[in-house]
Structure formats: C-alpha cells, structure tokens
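**Q** The residues making up each chain are set out below.
There are 2 protein chains.
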Amino acid sequence: MRIAVLGGDGFVGWPTALHLSDLGHEIHIVDNLSRRWIDTELGVQSLTPMDSIQERCRIWHQETGQRLHFHLLDLREYDRIRAWLAEYRPEAIIHFAEQRAAPYSMKSDRHKVYTVNNNVNATHNLLAAMVETGIDAHLVHLGTMGVYGYSTVGAPIPEGYLDVSVETPAGPKELEILYPTRPGSVYHMTKSLDQILFQYYAQNDGLRITDLHQGIVWGTHTNQTRRHPQLINRFDYDGDYGTVLNRFLIQSAIGYPLTVHGTGGQTRAFIHIQDSVRCVELALSDAPKAGERVKIFNQMTETHRVRDLAELVAKMTGAKVSFLPNPRKEADENELVVRNDQFLALGLKPITLQEGLLGEVVDVAKKFAHRIDRSRVPCVSAWTKDIAQRVEHDPEGRRLRSVS
Amino acid sequence: MRIAVLGGDGFVGWPTALHLSDLGHEIHIVDNLSRRWIDTELGVQSLTPMDSIQERCRIWHQETGQRLHFHLLDLREYDRIRAWLAEYRPEAIIHFAEQRAAPYSMKSDRHKVYTVNNNVNATHNLLAAMVETGIDAHLVHLGTMGVYGYSTVGAPIPEGYLDVSVETPAGPKELEILYPTRPGSVYHMTKSLDQILFQYYAQNDGLRITDLHQGIVWGTHTNQTRRHPQLINRFDYDGDYGTVLNRFLIQSAIGYPLTVHGTGGQTRAFIHIQDSVRCVELALSDAPKAGERVKIFNQMTETHRVRDLAELVAKMTGAKVSFLPNPRKEADENELVVRNDQFLALGLKPITLQEGLLGEVVDVAKKFAHRIDRSRVPCVSAWTKDIAQRVEHDPEGRRLRSVS
Numbered sequence: 001m002r003i004a005v006l007g008g009d010g011f012v013g014w015p016t017a018l019h020l021s022d023l024g025h026e027i028h029i030v031d032n033l034s035r036r037w038i039d040t041e042l043g044v045q046s047l048t049p050m051d052s053i054q055e056r057c058r059i060w061h062q063e064t065g066q067r068l069h070f071h072l073l074d075l076r077e078y079d080r081i082r083a084w085l086a087e088y089r090p091e092a093i094i095h096f097a098e099q100r101a102a103p104y105s106m107k108s109d110r111h112k113v114y115t116v117n118n119n120v121n122a123t124h125n126l127l128a129a130m131v132e133t134g135i136d137a138h139l140v141h142l143g144t145m146g147v148y149g150y151s152t153v154g155a156p157i158p159e160g161y162l163d164v165s166v167e168t169p170a171g172p173k174e175l176e177i178l179y180p181t182r183p184g185s186v187y188h189m190t191k192s193l194d195q196i197l198f199q200y201y202a203q204n205d206g207l208r209i210t211d212l213h214q215g216i217v218w219g220t221h222t223n224q225t226r227r228h229p230q231l232i233n234r235f236d237y238d239g240d241y242g243t244v245l246n247r248f249l250i251q252s253a254i255g256y257p258l259t260v261h262g263t264g265g266q267t268r269a270f271i272h273i274q275d276s277v278r279c280v281e282l283a284l285s286d287a288p289k290a291g292e293r294v295k296i297f298n299q300m301t302e303t304h305r306v307r308d309l310a311e312l313v314a315k316m317t318g319a320k321v322s323f324l325p326n327p328r329k330e331a332d333e334n335e336l337v338v339r340n341d342q343f344l345a346l347g348l349k350p351i352t353l354q355e356g357l358l359g360e361v362v363d364v365a366k367k368f369a370h371r372i373d374r375s376r377v378p379c380v381s382a383w384t385k386d387i388a389q390r391v392e393h394d395p396e397g398r399r400l401r402s403v404s
Numbered sequence: 001m002r003i004a005v006l007g008g009d010g011f012v013g014w015p016t017a018l019h020l021s022d023l024g025h026e027i028h029i030v031d032n033l034s035r036r037w038i039d040t041e042l043g044v045q046s047l048t049p050m051d052s053i054q055e056r057c058r059i060w061h062q063e064t065g066q067r068l069h070f071h072l073l074d075l076r077e078y079d080r081i082r083a084w085l086a087e088y089r090p091e092a093i094i095h096f097a098e099q100r101a102a103p104y105s106m107k108s109d110r111h112k113v114y115t116v117n118n119n120v121n122a123t124h125n126l127l128a129a130m131v132e133t134g135i136d137a138h139l140v141h142l143g144t145m146g147v148y149g150y151s152t153v154g155a156p157i158p159e160g161y162l163d164v165s166v167e168t169p170a171g172p173k174e175l176e177i178l179y180p181t182r183p184g185s186v187y188h189m190t191k192s193l194d195q196i197l198f199q200y201y202a203q204n205d206g207l208r209i210t211d212l213h214q215g216i217v218w219g220t221h222t223n224q225t226r227r228h229p230q231l232i233n234r235f236d237y238d239g240d241y242g243t244v245l246n247r248f249l250i251q252s253a254i255g256y257p258l259t260v261h262g263t264g265g266q267t268r269a270f271i272h273i274q275d276s277v278r279c280v281e282l283a284l285s286d287a288p289k290a291g292e293r294v295k296i297f298n299q300m301t302e303t304h305r306v307r308d309l310a311e312l313v314a315k316m317t318g319a320k321v322s323f324l325p326n327p328r329k330e331a332d333e334n335e336l337v338v339r340n341d342q343f344l345a346l347g348l349k350p351i352t353l354q355e356g357l358l359g360e361v362v363d364v365a366k367k368f369a370h371r372i373d374r375s376r377v378p379c380v381s382a383w384t385k386d387i388a389q390r391v392e393h394d395p396e397g398r399r400l401r402s403v404s
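These protein sequence lines map, in sequence, to chains A and B. Taking the UniProt record's numbering, the leading residue of the first sequence gets 1, the next gets one more, and so forth. Taking the UniProt record's numbering, the leading residue of the second sequence gets 1, the next gets one more, and so forth.
All clues given are correct.
Okay, the calculated bits of chain A under chain B, using three or more residues with CB under 8 Å as the criterion: (1) 117 to 129; (2) 158 to 169; (3) 195 to 209.
One-sided and incomplete, this derived list gives chain A residues near chain B with beta-carbon spacing under 10 Å: (4) 76; (5) 110; (6) 134; (7) 172; (8) 177; (9) 178; (10) 183; (11) 184; (12) 186; (13) 188; (14) 189; (15) 329; (16) 383.
No lab work stands behind these hints: they were computed from the structure. Only a predicted model underlies this, so the values are computations on that prediction, with no experimental measurement involved. Think of the CB as a built atom: it goes at the ideal place given N, C-alpha and C, for glycine as much as any other residue.
Whole structure, please, built from the sequences with the hints as guidance.
**A** In structure tokens, the structure reads:
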C-alpha cells in the first residue's frame, strides 16, 4: 500500500514508518520538522543522538533495501498539501503531524496559540484537501486518551462512543454519542476539537477515518530501530516532551530523584512503543467504509498509578522518589478503567511492563547519560498562573547546595 | 460598563453596539471589516446602502451625543489583540467576530479552510489573551442553534447541557454533559469547536463566559437603526449570507419566486433582530461567576417549518413558491422543540412573527429593490460535490427564456 506518514520524523511517527516499510508498504514521510525546531527553541535534545531524517532514510535503505521517501511540507500550507495529495494519491494516511506535548502547549500564551493554530489547521487542511482531491485514503489519526478527561465516572471508558439514556416526553430514549470530552490542557483540547472535525467529515463527505486514542508511550526501541545505531528513535527526557515512565527510567539511570507530581495518585493508560506501531498496522487492516462513523480505538495496554510506577522503578534500580507540587490542574487521584477490546480482537498481544524492557531503557539512558542536561529535567510548565507560583524548578536541591 | 463589541460592524454586531450605547455603555467596536471584503469578493452588496463604519459612528454621535469607538483589528493577530485588551481593559466583551454563513463556508475548499482558520483562531486568541492580560471581562459569544444539529431526538433541546444516564457496574449514574453536537456544515462545526474552547477556559482559568445559541435572525430595523437613514442595518439577500425569512420577504418584494429547498420540512428556530440585541443585554446582566460552568442560552423565540414560512409570506404578498433541490446535506424533515426559559425568566418579551414587522421588511426591500442583483439570489453553495450537480442556479427560468 502507498502510505503517507505525516509527522513521520517524530517519536512515534519514525518507528511507525519503519514498521510499515518493513511490512512492504511504500512509505512517504511528510514532515515540517517542527519537532526539531522546538528542541532548538527549548535548548534540549533527544537523549539519543538523532540523525537528520534524510540520513535516517539513507541508512534504512542501506540496511533493508527499502526506500523511505521524505517530503518537507507543512500541513498549514493548504495549497501545498492539496497539491501533494493530488500528485501522490496515498491509499492510507497516518497522521501524527500535531504538536503533541501538553506541557509545551501550556508554557505561555504564545505556545497555546501555536498549538491550537498548528493542530487544528493541520488536521482541517488535511481533511479539506482529501475531499477536494477525491482520494479514497483511509485516514488514521493519533489522538490521545486525554480527550476523555481524567475524572472518575465509575464506568469503563468505552472506545469513543458512549451509550446514554435521555428522558423524552415519550419516555427514556437510548442514544449513542461521542464520549463527552473534558480536556485537561490546551494540547488535549486540540485533540478534542479533532474529534468534531472527524465526525463532520465522515458524515458529510464519507471520509474513512480511524482515531487512535493513545495512552502514554514508554520504551524506545522497536524491532526496526534496533537494526542500526543510526536508526535509533528519539528519546525525550525533558519536562515538556518526556513521557512519565521514560522519565523515571532516565532519572534512575543518572541518579536523579524520580519526580512524582502531587500525590502520584493519577491513574494513566500506557503502551509500549512496539505495541503502538503494531496498533497502527492493525488499525490499517480494519478501515471503516465510506459513510460509516469514525472508528475509535483505545490504543493502550495497561493502566497504572504514577506513584506505583515510581515505586516499581525505585525498587528495580534503587532510585529515590521525590514528591513535588503538581504543575497541572487535575484531580489528585482518579480511577481509570479502559476498554481496548477492538485491538485485542484484531490480534494485539500486549507488551506489558517487563523488567527486561524497562532495563533496556535504563541501559539506553546510561549509554547516553553524558548528553543529559539535568536542568531540563524538571516539569516547569504550569497550567495556571497561580499554580506557576509553586512549581518546583530544582527537585535536586542543587541551587540551595551551591548557595550554602 | 466599558464593552468591546468584536465584529461590531456586522449584521447583528452593529445594532447590538447601538443598543448598548443607547443604554449608556461605553462601546468599543473592534472589527477587521472582513464582512465588507467578502461582499467585494462575492460581488454582492447589502440591500440597504451601508456607510463606512467610521461614518456610521459619526452619525450616531450626531444623533445621540454618544461616542462609538472603532478599532480596526484582526483577532487572528494574537499580539495585537492582547495589547489592545491590556490597554482598554473592557469589562465585557461581546464576540461576533466569526465568519457566520454556512453556505459561504461550503463554497469551496478554500472557504472551508478560511472559515476554520479564522473562527477557531479568532476565538482561541481572544481566550488566551484574556487569560494572559488577566482582565476580568464577561465574554458573551454569539453561537448558533446549529451546533445541536437538526436530527429529531424527540426531547426538547435544552440550554446547552443534557442530563443523561450512563450504565456503570454500580448501576445507572446521572451525568450532565454538553449537548452532543452534530454540526451540519463547516461553519456550524466551528461553533461546535468553540464550545470545547469555552468549556476548557472556564474550567482551567475561571473565565466567565456566556454562549448564545442563536436561531435564524429576521427583520432589519431596531429602535436605534430607525433613528437616521445612515444608521440603517446591513441587509443580506444573497444565497450565501441572506437568512431564510428575510430572503422570502425580499423575493416577494421583487416578484421573485420564494425559494424553498427540498420539501421545506426543515424546522428552524427564529428570532427578530430587536430581540437579538435585547437578549445580549439580558445575557450581560446575568454573568456567571469565575469558576462556574459556561452559561448557555438558546437565543430564539419561535420555531417554524420553512415551507410554512413561505406559505405565510405568499399569502401575505401574493408571491409564488418554488420548490428547488436542496444544496445542503440535511434531513428533509425534522422536529424542533427548544427551551428558552432563561431569557423569558430574565424578562424577554418575545417579538414573534407580526404582519407589521414583516411588512416593514417588504417596504425596505421595495425601497432598495433597484440595488438587487437577481442573479445573486439563488443558493448555489453545495454541501458535497454530488449535491453540487443538482443545484438550481436559475429558479426564475431566465436563462431558458432568453434561449427560446
């Protein structure tokens, strides 16, 4: 299949492109390389040394004989993306091309404005261009479990749609609705907006769309990135882009306290990066038909409380746990029960937390520990100005030590 | 009160600015004049001759002694709107500054892209700037009844929130959710996105927001626009911006068939423009407190089937009714029962369809009939490419007549 991977230079986009190329698909990576620019803006870098996308594509060809075609293109440029679709006519489009970090989206008013402008226009431009060019591509979008919000309803979170009962003069009526969103950050909000865009374009224009509500990704290697040092995946450890379990693992590797925010009672859904790319493959194999509603999968394999993860890593590695004020505005504690029946039915064999894979991440972290800027580890983006006052910029207490 | 009226040069914005000025408020109109540019793009003009906003403000001062302050500003320019808010610190903000026509939003892919980019960024920029500048203004936004969709659920449409019952392992649980949106066009979709933006900013930052879900406006004069010929309101009659009852009335005035699309079985909510400005006043008087949920009003006074309106106008004026293919993708027939208890409780005395006011519109139309370009009357923007094939561009049959 001819597949466009939008955002194929990113943390999940890159291993997805490799995975699908390995399966024999013709892969076109479309990316504006904004994630690399954001590293530059923030003065951070991937823990793993990451070659240019062109070089990565060259190595993949050298190792496998397969070509990855790279196109430098910004989805906000409507005319260019439409022309590109008309020329290349992909049969499937995997859409990772949105700013994906909640903390980055909350850094300042300009980061909020950038995230909304970038994500909403990118996704809407793509949808409008698909309709205009009349290509019959299956669109697979990477969304987030965060659109559900993290309040405790007491019912398992369904896969996108909720059965409700409404009172009418003729008695109760059963309806199936999009799960009501309660996004917790500007980033999560943009993914909630995407849901409405998808619902509309599936209904009005018969676009075939799958939305993957993904949990928090952990791990770094997939079967493909292991094949050559220069194919290594991006690994973010900083307070904006690093995901929680990966951060605990690098913290333990460099003797940094494991930073738990608030009580650590937040329950979140998780998925290993190898499962993430496999889920995209499975979603591709199960496209909705034109006229059908958007297909929504919960792309996760297990749930954990943040403090339990910290304890697990502490026990495994001897790291200390540090409880810090929470820069986010969210419930201290929440329950989370998530349905993921669809991927299991399609054949997903979940990789759950394994000491071997956890150890692999620690090994990667140790290998590249010299590249870590410890001052970039704290989470300093606050959800409101009040909360910003109590953010902890120095969990190691280094600043105090240097004063004394 | 110092009130910013964003989009205060528009069809509802202008009479709202006058109405609030008449009540003694200090009014700042903020507008990028995009609606005038769109007239230029489409080659149409208001039925009523409409002076520049600067001239209109001058006349208002001459007639009343009150000043209207006009600021040429585009909400998509984030830094400028933030600086403006910081300087003028309005106590209330009335937000009409979005592209407001469903047919215009569906004219082409570029019109879809413009509408999403303009509306979402305008509204989000405003919200981000309000948080950043820390002004405690009550934001009143003009939304649309269209966010509810037009499917028949069998229950009256509540004011924004729906009580539902959800099955949980512990038994049924009652929840109150935002009414699930089913927007029917790209324009309506943007107003559905706005709802999520408002929900988020009210919850995260304590912004005080009221969202007015307005029905279709009819009428042209308010008590203020009647005071001087140069204060007259915009009157759109074209197939993109004209609203249905106003269009029937101008059609009858110029001997054009009343254009009913489909069966005319669409039931819609209506409001007279005088009530529309009064509702904004009432909403201002009833602001939510910081931390409260978004207040949502249904801003309408009655519902009618489109074909019943056509029959009413036909009976009153002797006009013919012409049933044409529907350029929209929508249900042929729908029921619509709407709650508007909140405005009634605040003291709204609804102006419902009155022969006198209908006649006034016909008189306005007759007075300016020489300004009407009959070729601009048909609705030619189609919701999908398939539907576009059967759109009727010539309901009068003029093209055929000129051939024969």
